[in-house]
Amino acid sequence: MNPTDTSDPNYFHRVVDCQWACPAHTNVPEYIRLIAQGRYTDAYMSNRESNVFPGILGRTCDRPCEPACRRTRIDGAPVAICRLKRVASDLRGDIADRLPVIPASKTGRRVVCIGAGPASLTVANDLMPLGYEVVILEQHDQAGGLMRTNIPAFRLPAEVMDEEIATIVDMGVDLRLNTPVSSLRSLLAQDFDAVFIGTGAPRGKDLDIPGRHESDRIHIGIDWLESVAFGHTDSIGERVLIIGVGNTAMDCCRSSLRLGGTGIKVMARRPREFFKASSWELEDAEEEGVEIIVNHAPTRFVIENGTLVGMEFQTLEWDEQARHSTVASTVVIPCDDVILAIGQENAFPWIERDLGLEVGDWDMPVVDPVTFQSSLPGVFFGGDSAMGPKNIIWAVEHGHQAAISIHNHCEGIPVSVRPPQGSNLVSQKMGLTEWSYHNDYNPSARQRMQHVELTRRFQSIGTEVEVGFSAEQTAREVQRCLNCDIQTVFQAPLCIECDACIDICPVQCLTITENGDEADLRTRLSAPAKNLDQALYVSAALPQTGRVMVKDEDLCVHCGLCAERCPTAAWDMQKFELLIPLAVSTPVPVPT
Amino acid sequence: MPSIVKPSVTHPGLERNALGLSIRDYEGGMSTLCAGCGHDSVTAAITHALWESDTPPHMIAKLSGIGCSAKTAAYFARGAHGFNGCHGRMPPIATGASAANRDLLCIGISGDGDSLSIGLGHLAHLVRRNVRMVYVIENNGVYGLTKGQFSASADVGSTTKRGEANHLQPIDPIFLGLSVGATFLARGFSGDKRQLVPIFRAAMAHRGLSIIDVISPCVTFNDHEGSTKSYLFTRQHDVQMTVTDFVPPAEEISATIPSEGVVSIPMHDGATLRFRTVPDGYDPTNRMAVMEHLMSARGRGEIVTGLLYIDEQSSGLHELGNTTEAPLTQVPYEELCPGSAALAGVGFR
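Chains F and B supply the protein sequences, listed in that same order.
The first sequence begins at 1 in this note's numbering and counts up by one.
The second sequence begins at 1001 in this note's numbering and counts up by one.
No lab work stands behind these hints: they were computed from the structure.
Each hint should be verified, as a subset may be incorrect.
What the hints assert, rightly or not - Taking beta-carbon pairs under 8 Å as the criterion, some of the chain F residues facing chain B (in silico):
id	residue
1	Trp435
2	Ile496
3	Gln544
As the list claims (entries may be wrong) - To list a few chain B residues with every Cβ distance to chain F over 10 Å, as calculated:
id	residue
4	Pro1002
5	Ser1008
6	Thr1010
7	Ile1093
8	Gly1121
9	Gln1149
10	Cys1337
What the hints assert, rightly or not - Below are the DSBU-like pairs computed for lysine-lysine, each with C-alpha atoms no more than 35 Å apart in a straight line:
id	chain 1	residue 1	chain 2	residue 2
11	B	Lys1161	F	Lys276
12	B	Lys1006	F	Lys575
13	B	Lys1006	F	Lys429
14	F	Lys530	B	Lys1161
15	F	Lys276	F	Lys265
As the structure is a computational prediction, the values presented were derived from the model and not from experiment.
Don't be surprised by glycine CBs; every beta carbon is placed ideally from N, CA and C.
Could you build all of it, start to finish, from the sequences and the hints given here?
Following this line, the structure appears as structure tokens:
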């Protein structure tokens, strides 16, 4: 293999599994260390830089970082990254003096964002400090988008959301509530330099089977959740069937329990291992007594005398991959209400089709996945409206990228010109065997989130279920982080091949051996490198024998012992900092 | 001194030996030696050999005297017995331990100061008695613990870190062993575990005394340009006289090794040693020939490594001294102390 090119920010970025997996590339190990030091406000601001809504995301994020976490490969359970984010948010101090200064004199550039969800708010967050005037048009009487309408208050308290949204709006955003947009054409005719569309995926999929339109007790999941969020719906029948088993279904079943439901069943077509819902959301629902029933496919609503009395299902038997099924029997399950939570779609009835805005498959606008510009220059998309339903953290990242594009567009720079990622590497050596970080491995198990007791949590839909980590839990959980951003950096010319690093490594990461191609090298290491997703770090030829130092990045716990036992400091522990380009990091244009 | 103890976390795919133990179970305390010390690599090689040999840790006795090398007995096999004796006095203690329990695997760890200066006399007699033990000399040519004076193994012309040359003749433990009848003589290099681990495994299977002289560079006082025991010098002058394969008795042998230049020596316990000799006709069982090879190599300034000499025929301490087969701890009191009447029977005549 050729020596690893560590000047490419992507190399060490990939080693920080959580940061690499996060769409917004939040610097997770850094903020966890800040929490460990009690610097909650610093930890919050570190988060905010990339993900904008630490308090919201600390409760609701889909957590792509956690399945990626190296700790899972070490002891089977990832660091509770999301919960620690909430700790930073809950315990932070005032951040007013840490927010970017908004220029009093504006550049004259005007941007309009449609929908006040996370994507639009991120665009505003990134452009306001550059002297833009940002107008956000929102159809409801509160901002937040699907965060407000679809995430129940027992998971995300309104105060948390209000505060983080206010931080952005208070930058001077012109937020116009109760202002639905009915025509893109008329908006384009107005005096805006760019249009950003962050309208989400607001249409719940329907299930057109017999009986569907013969009762008013059949609800579309996201519409029903919205109606609950705004207080229009405050009760439901005792027996409720939820059709579908994604995260929306989990929110529907748990909300039903708080509005009078007692026998709640979630009906799934396929076996459990094929569910779409996050495992923790399934667990939380089952803890509350929701019954999850697998292998049932709905066939019709049973209506008697104009009243919904039940639903008929076929029970299915699946092959091993759950691709083909055979019908075993037919059953009717009695119920008072049915909530359909089988997916969401985009809907753009307000975009005229003769504007030159290209629309592709499934009636989705054609959006560049890098620049987020549509085929109509100056019109940008982000969040669920750009790429279909994803989640909040993706919407935030789309917003960041769209903000860069909008800034380019307004400055006359092609949107395809993207500011490059950079990186810093700084030695963490404080003394002969002393590091600036806590390098010892802590064998603690993942901390379990405490929940409000069952009897109390159903009294009000606004009672937040998760109580947050205690100080003791936080203290333990932060030490489970393996500091993957503190990189092992090797300088081949210094190595005398004494083997000290190889002997001391607790997880057999290191090998000095003759060079070879990657497939061959992976079999010849101290422990075979079977995880092909994790890179091999290969040095230049070593001075004494011409062999190479190879590090399998897979299981390194970043304890720094290789560097401590190295007599020539060929190994060093260096903190990797990814410099993420944002619109705010580009030069501020001179006001005209 | 490292900031932390080696973390207990292990590679999830860590292999187990026949006893169900992982290599981590053969580790010891945290080394307090200098970073990069050759001795730590020797420790790692011993750890590896013990694990590969499925040795029960409680059947190991670690013995040492004084010096940096003597400390290393604490750094492997934390479940083993151990005795840290006076400077140079490890051989008699080892002799006693071995005589009392022939089932113990005695591992003596010594250095060039402990073995070739203050303890030279004891070492020679240990060799003569052919005590069944593995005797490791971690040889770095300097007294590291007292800040880098020449030891008795320093070569003529090699220099201290400050540049003063040594004029005294070195003592070579291999020549010493050949001259007093050693039955297993090997030299290795701490920077080459591929060679060192099979040598240790062979030494553990040998029924007499095995001496392994390991060039183990002192990174702090003897790893400079004037040293003949530095990492670089050893790598530049290392001539592997034999390539050793250790074939344990239980393992099926499927590899085909070309018969040309291969010497197979059956060991006492049924294992086999296979030598692929690098120079033509090198016979590791012929003491005269070995002596001649080593002498001429020394004249060329070469550091000869490998398992250099082996004699599986000579009797060891237990045969020569007719020691008890059962460990003394398991011999009943009545037999250990037969009483006054029996004593009277063997009384002075």
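Subject >> Hint consistency between Lys1006/B and Lys429/F [alpha-carbon to alpha-carbon, up to 35 Å] >> reply: Holds, at roughly 18 Å.
Original post:
Holds or violated: is there a CB of chain B closer than 8 Å to the CB of Trp435/F?
Top reply: holds, 7 Å
Subject >> Exclusion check [Ile1093/B not at the chain F interface, CB over 10 Å] >> reply: holds, 28 Å
Subject >> Exclusion check [Gln1149/B not at the chain F interface, CB over 10 Å] >> reply: holds, 21 Å
Original post:
Within 35 Å, alpha carbon to alpha carbon, are Lys276/F and Lys265/F?
Top reply: Distance ~16 Å between Lys276/F and Lys265/F Cα, so the pair holds.
Subject >> Given pair status - Lys276/F, Lys1161/B, alpha carbons within 35 Å >> reply: violated, 67 Å
Subject >> Minimum Cβ-Cβ distance from Cys1337/B to chain F exceeds 10 Å >> reply: holds, 47 Å
**OP:** Starting from Lys530/F, check that the Cα of Lys1161/B is at most 35 Å away, please.
**Re:** violated, 45 Å
Subject >> Hint check: 8 Å Cβ-Cβ cutoff, Ile496/F to chain B >> reply: holds, 5 Å
Subject >> 10 Å cut-off, C-beta based - Thr1010/B kept clear of every residue in chain F >> reply: violated, 7 Å
Original post:
Are the Cα atoms of Lys1006/B and Lys575/F separated by 35 Å or less?
Top reply: holds, 21 Å
Original post:
Minimum Cβ distance from Gln544/F to chain B below 8 Å?
Top reply: holds, 5 Å
In summary, the numbered hints that this structure violates are 4, 5, 6, 11 and 14.
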